[in-house]
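Trainee: Based on these hints, arrange chain B on the given structure of chain A.
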Amino acid sequence: MYRILSKEMLTPNICRMEVSAPRLAAAAQPGQFLIVRADEKGERIPLTISDYDRDKGSVTIVTQKIGASSSDIVSYETGEEFCDVVGPLGLPSDFVNRRDDELSGSRYVFIAGGLGTAPVYPQVKWLHQHGIAVDVIIGARNKDLLIYTKEIESVCDNLYICTDDGSQGFQGVGTAMLEKLVSEGIKYTQAVAIGPMIMMKFATMACKKLGIPVTVSLNTLMVDGTGMCGACRVTVEGKIRFACVEGPEFNGYDVDFDEAMRRQGQYRAEETEAVEHHKCRIGRGK
Amino acid sequence: MTERIPRVACREQDPKLRAHNFEEVCLGYDRQEAMLEASRCLHCKNPRCVGACPVGVKIPEFIAEVKSGNIDRAAAIIAEDSSLPSVCGRVCPQETQCEGSCILGVKGEPVAIGKLERFVADNRSGDSVSARAALNGKKVAVIGSGPAGLACASDLAKWGYEVTIFEALHKAGGVLEYGIPEFRLPKDTVLKRAIDEVRSLGVRIETNVIVGRTVTIDQLMDNEGFNAVFIGTGAGLPKFMGIPGENLCGVFSANEFLTRNNLMKAYRDDYLTPIHTGSKVCVVGGGNVAMDAARTALRLGAEVHIVYRRTEAELPARKEEVHHALEEGIVFDMLTNPVEILGDGNGWVKSLKCIRMELGEPDESGRRSPVPVEGSEFEIATDTVIMALGTAPNPLISKTTNGLETTRRGGLVADENGATTRPGIFAGGDAVTGAATVILAMGAGRTAAKAIDDYLKK
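Quick note, the sequences are listed as chains A and B, same order.
Take the first sequence: its position 138, counted from the start at 1, is 138 in my numbering, and no numbers get skipped.
Take the position in the second sequence, starting the count at 1, then add 286; the result is the number in my numbering.
There's no promise every hint is true.
Claimed, not checked - Keeping only pairs whose Cα atoms sit at most 20 Å apart, straight-line, the calculated SDA-like set for lysine to any residue is:
#1 K478/B / R410/B
#2 K636/B / E270/A
#3 K551/B / R268/A
#4 K41/A / H456/B
#5 K56/A / N632/B
#6 K525/B / E237/A
#7 K239/A / P472/B
#8 K41/A / Y553/B
#9 K41/A / Y557/B
#10 K525/B / V236/A
#11 K41/A / K636/B
#12 K551/B / S70/A
#13 K473/B / E246/A
#14 K636/B / R241/A
#15 K41/A / K551/B
#16 K566/B / E270/A
#17 K201/A / N632/B
#18 K41/A / K473/B
#19 K525/B / R241/A
#20 K566/B / A269/A
#21 K41/A / D556/B
#22 K239/A / P681/B
#23 K41/A / P472/B
#24 K566/B / E237/A
#25 K685/B / Q29/A
#26 K41/A / T475/B
#27 K551/B / T272/A
#28 K551/B / D254/A
#29 K239/A / D254/A
Stated by the list, open to error - Just the calculated beta-carbon pair ranges, DEER-fashion:
#30 K150/A / N422/B: 51 to 61 Å
#31 K180/A / S662/B: 53 to 63 Å
#32 E510/B / K7/A: 26 to 36 Å
#33 R297/B / E40/A: 41 to 51 Å
#34 K7/A / L628/B: 44 to 54 Å
#35 S75/A / R485/B: 39 to 49 Å
#36 A419/B / M1/A: 30 to 40 Å
#37 R695/B / A26/A: 51 to 61 Å
#38 E40/A / A419/B: 53 to 63 Å
#39 N251/A / A419/B: 48 to 58 Å
#40 F526/B / N158/A: 37 to 47 Å
Treat the hints as calculated values from the structure; they're not laboratory data.
Note that the Cβ used here is the ideal one computed from N, Cα and C, for glycine as well.
Excised from the complex, chain B in its bound form:
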């Protein structure tokens, strides 16, 4: 048997350099590298990667086109199942989805499916690949312009619906705009192009409309003639730990910290937005948001520690983000749990009091649950504490719309097609599931689009 080609490494900015700038970390494949990497695909008869993709992208088929250099044809194949390949190629947790099921991964390195997807999305020649049906005279309101809303709106527009997206912030994109940093997802190039494509399908995006405050769903349906509504408002409410000292100055939610820097561009000199790091920052949490906040603080010039109660093996963040964070010099304080934030007497953070943890029995998530080691409290001196503990759905809409039921955790009740407890109103993404991933939200948006189409054709 011939030697297998090793996985083609993707060029990245040098860690020392990128620790001081907000340009994208990963530089992407060039054509030659992409074609070589594509040639590694075995084209399995039963491609497990497709089954592991939440939206079922026909992975071996698009990779075959890349291998022969037909980038536009590859793009068309991806577009059949995914609306945001330039985004998903960058932010999907490939290691637990497509690449995690790649047969090559059993003995070696899986095919770099994410990097190939990104290559195709960035390098296709034309914009929006799909055609639009004639307008059918029906109007759909989509609430929220994050991944769920964009995906739902795109499909409905292609099928001839007149779609308006209502966005609460001043810029479209949802978490892709306010949450994910520039160095992972460039806004003015990649994200703007993705959103422009949605607009080019005829989707109207009205910013500065907070549904539940500026206008209610009932008003949209009764007064503005919308025949159906999709709620893709995400999970925007930050969680705190409930420990003493959380309201001290210098304690921020990751949402605030990231929104200031991403949406409000605090890192740029020409914007007025203030942001605070001090010289040392502790980020509490181990997910992607924690990594994003930590790496942002690092780039703003601080020494950064990630404080997480389990071990590196349990970190819920994408592997690549953890790897990049370590390379950039972020310190990981594992098996460490904050118990109190101590102030300096003027109301500012002085230190984070933590307790050492050890791993006990597995909990319902299957992960070994952390148990405090008695008497092991210690202090980490720090200027800033950023809480990245996850987010919950915003109750604004459920509270102001009649007939919408929510779960105990605040998510909207919706069936597998996204239908809520009120006819004509559909929902999907984090607003239903609580904080999850971009690809799951996008998938839910597309499923709901289908259900809305069925509902309005009845």
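Same shape as in the complex, but just chain A:
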């Protein structure tokens, strides 16, 4: 069992939890993810790792209430236990395996959207600790939906906040901010976009136009997360790849986003039914 050491609501629908998982914490690297199964009857839900503490043996996850299973996860309180937490899954970010001299002179820009802001944090922190210049653009619909701004601000060179309604920072989407920065003369050697699939698609298009290489982190459907089910398959460079073991990060230029978005919604009909059914169950006292 995996005890929840602390819990904090970041927005009314997004919560941060620190969970005890010593083996996982010891092995986690930036870019990797994990799977949580809240209870015996829950689904296996892939979540990004937004921090890890090797000494404490804990990992931090950020979850948004979307379907029945993610709402279940969010309903857990400090001191309660998840039935299963497994990982780290996927490959670490590409830069983790690079030597410092290979990275020196790089200037990274992260484009983070919504929940995707959380997994950006350990990556930015890692680069910052290795002395690499790194700017972060965080985008959200409005200021109430912004998460991780303080944490990221403390580990990056420049933080740019964008909201669709202009309630905080730059009014507009993250890619518009990126275009503005580049037009002002900043030269980025690498972009990393993490957020909803549609946002990563547009971020990739913007980066392509600006001639910046871009890495995206694909949050596909998954069951086991170890390469067994193939639910996570995506088309990259015209080839079938498994996001769980060959990803989750890929070169954005090569990803078929439209297909990935369709595949992500594959169980939408069944899931809507599950949410309804689940409400009934909760109504009956679980």
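Mentor: Chain B in isolation, oriented as in the chain A frame:
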């Protein structure tokens, strides 16, 4: 000469009824039926059945005990050679092994060895029949809790080793848990009992540990004090055909489909797991996994077709599964090979475009190879396509462990005793051979256990 007793039929759930539930199809013998069936054994001087069993179970000896009603003694005889009789009695391809060599089968029906084995395993009184030696102070890590790992761990624990099994999923059992459906192998009764017995030998099972990610083999040996390692990680990577349209919504690997239903219990209302069938499902392939996926889809309410490029005679699945699938109303589209999956414009499967095949010359497997009939393409309208084309070993461990060599097909290189190219690391089952059977994996696990014992005694 007196009339021979005919093979005692095993009671089964009515096909019309079982097509709508996930309860076990075969109900098993009762004591009287088992004793009668056991009396059919001729007790050959040179029992060919024993030679045909991959682990050499002393078949005539246990059957003799069944005949006289000594079920526990029969269980003890089986336990000398097999660790999972309740499982093997249900899932072994008996027709090509023990029963396929039974002398009675030459002119009539062979002895129902599988059904008798199952009867003994289900009806013995006590649990784990074997005693445990005192702990010898040596630790062995077993990776994977499928048939190979369970068998290897059991033997080593009996001999006094401190054994920990590391399982990647949240539940132990490997393919027995995620792959084989409830209606062939009940989980909470049969499989749970088999795994509990392994635990009762003192074997620890740590779930949610993905060796190669959560921890590496080198860390287990260097930091956690394991003196030897057995890799029984199976063949978990699904294969696809490489035809256009395979990434359309509604195309699944049999692994995904079965894992959702077996491990994640999608068929039960009280579990949250979603599963998709639509009203019509085409399953591509002809092995046991194809039959399992087809019969699962049927039970979830779909019309199901099996699409296979050869004929019924070449189907690699167990005969009993094919027979059951036909009885339940699954349609077999033989000599049919998919060439493309067509979408409906919204990214969902609309139909499976196939080509008719005919059988040509035998290939290296000895089976006549299918050849496409030119210009015979046609479409099968369908909502769902399930690919059951076999699986390959997962490269996670070979890629993260120094000194482990693999074959061209991705299997670990191991000698006949399971020793890999690195001292102290052994392997067996599908991780070495590629997808095979439960009994072969179990046999490989036991062989490796012996080799590990020899290695650690040196």
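Trainee: Work down the list of hints and note, for each, if the structure agrees.
Mentor: Structure-based check of all given hints:
At most 20 Å may separate the alpha-carbon atoms for a hinted pair to count; K478/B and R410/B meet this at roughly 16 Å. Taking the CA atoms of K636/B and E270/A, the gap is about 19 Å. The hint holds against a cut of 20 Å. A distance of roughly 18 Å separates the Cα atoms of K551/B and R268/A; the hinted pair therefore holds under the 20 Å criterion. Note on K41/A and H456/B: the hinted pairing holds, with a Cα-Cα distance of about 12 Å set against a maximum of 20 Å.
Of the pairs offered as hints, the one joining K56/A and N632/B is violated, with about 48 Å between alpha carbons and a cut-off of 20 Å exceeded. Annotation: proposed proximity of K525/B to E237/A holds, straight-line Cα distance about 19 Å (limit 20 Å). A hinted pair counts as satisfied when its Cα atoms are at most 20 Å apart, and K239/A with P472/B does not qualify at roughly 38 Å. The straight-line distance between the Cα atoms of K41/A and Y553/B is roughly 12 Å, inside the 20 Å bound, and the hint therefore holds.
As the CA atoms of K41/A and Y557/B are separated by approximately 5 Å, the hinted pair is consistent with the 20 Å bound. For the hint linking K525/B to V236/A, the alpha-carbon distance of about 17 Å falls within 20 Å, and the restraint holds. Restraint check for K41/A and K636/B: the C-alpha separation of about 32 Å exceeds 20 Å, so the hint is violated. With a C-alpha separation of about 18 Å, the suggested pair K551/B and S70/A falls inside the 20 Å cut-off, and the hint holds.
With a C-alpha separation of about 32 Å, the suggested pair K473/B and E246/A falls outside the 20 Å cut-off, and the hint is violated. Simply put, K636/B and R241/A have alpha-carbon atoms about 23 Å apart, too far for the 20 Å limit, and the pair is violated. For the proposed pair K41/A and K551/B, the alpha carbon gap of about 8 Å is at most 20 Å, so the pair holds. Proximity of K566/B to E270/A is assessed by CA-CA distance (about 16 Å); at most 20 Å being required, the pair is judged to hold.
The suggested pairing of K201/A with N632/B holds, with an alpha-carbon distance near 19 Å, which does not exceed 20 Å. Taking the CA atoms of K41/A and K473/B, the gap is near 15 Å; set against the 20 Å cutoff, the hint holds. Restraint check: the Cα-Cα separation between K525/B and R241/A comes to about 12 Å, which is no more than 20 Å; the hinted pair holds. Distance restraint check for K566/B and A269/A: the Cα-Cα separation of roughly 17 Å lies within the 20 Å cut-off, and the hinted pair is therefore satisfied.
Taken as a hint, the K41/A and D556/B pair is honoured in the structure, with Cα atoms around 7 Å apart against an allowance of 20 Å. Of the pairs offered as hints, the one joining K239/A and P681/B holds, with about 18 Å between alpha carbons and a cut-off of 20 Å not exceeded. Annotation: proposed proximity of K41/A to P472/B holds, straight-line Cα distance about 18 Å (limit 20 Å). For the given pair, K566/B sits about 32 Å from E237/A by alpha-carbon distance, which is inconsistent with the 20 Å threshold.
Taking the CA atoms of K685/B and Q29/A, the gap is about 17 Å. The hint holds against a cut of 20 Å. At most 20 Å may separate the alpha-carbon atoms for a hinted pair to count; K41/A and T475/B meet this at roughly 18 Å. With a C-alpha separation of about 18 Å, the suggested pair K551/B and T272/A falls inside the 20 Å cut-off, and the hint holds. For a cut-off of 20 Å, the pair hint linking K551/B to D254/A is broken: about 36 Å separates their Cα positions.
Between K239/A and D254/A the CA atoms are separated by roughly 10 Å; this keeps the pair inside 20 Å, and the hint holds. Taking 51 to 61 Å as the suggested C-beta distance range, the pair K150/A and N422/B conforms, at roughly 55 Å. Remark: the range hint 53 to 63 Å for K180/A to S662/B is upheld by a beta-carbon distance near 59 Å. For the pair E510/B and K7/A, the supplied restraint of 26 to 36 Å holds, since their beta-carbon distance comes to about 31 Å.
For the pair R297/B and E40/A, the supplied restraint of 41 to 51 Å is violated, since their beta-carbon distance comes to about 32 Å. Range check, K7/A to L628/B: about 48 Å between beta-carbon atoms, so the 44 to 54 Å window is met. For the hinted restraint 39 to 49 Å between S75/A and R485/B, the CB-CB distance of approximately 32 Å leaves it violated. Taking the beta carbon of each, A419/B and M1/A are about 32 Å apart, inside 30 to 40 Å as hinted.
Range check, R695/B to A26/A: Cβ separation about 33 Å, and the 51 to 61 Å hint is violated. Take E40/A and A419/B: their Cβ atoms lie about 36 Å apart, and the range 53 to 63 Å is violated. Taking 48 to 58 Å as the suggested C-beta distance range, the pair N251/A and A419/B conforms, at roughly 55 Å. Range check, F526/B to N158/A: Cβ separation about 44 Å, and the 37 to 47 Å hint holds.
In summary, the structure is inconsistent with hints 5, 7, 11, 13, 14, 24, 28, 33, 35, 37, 38 from the numbered list given earlier, while agreeing with the others.
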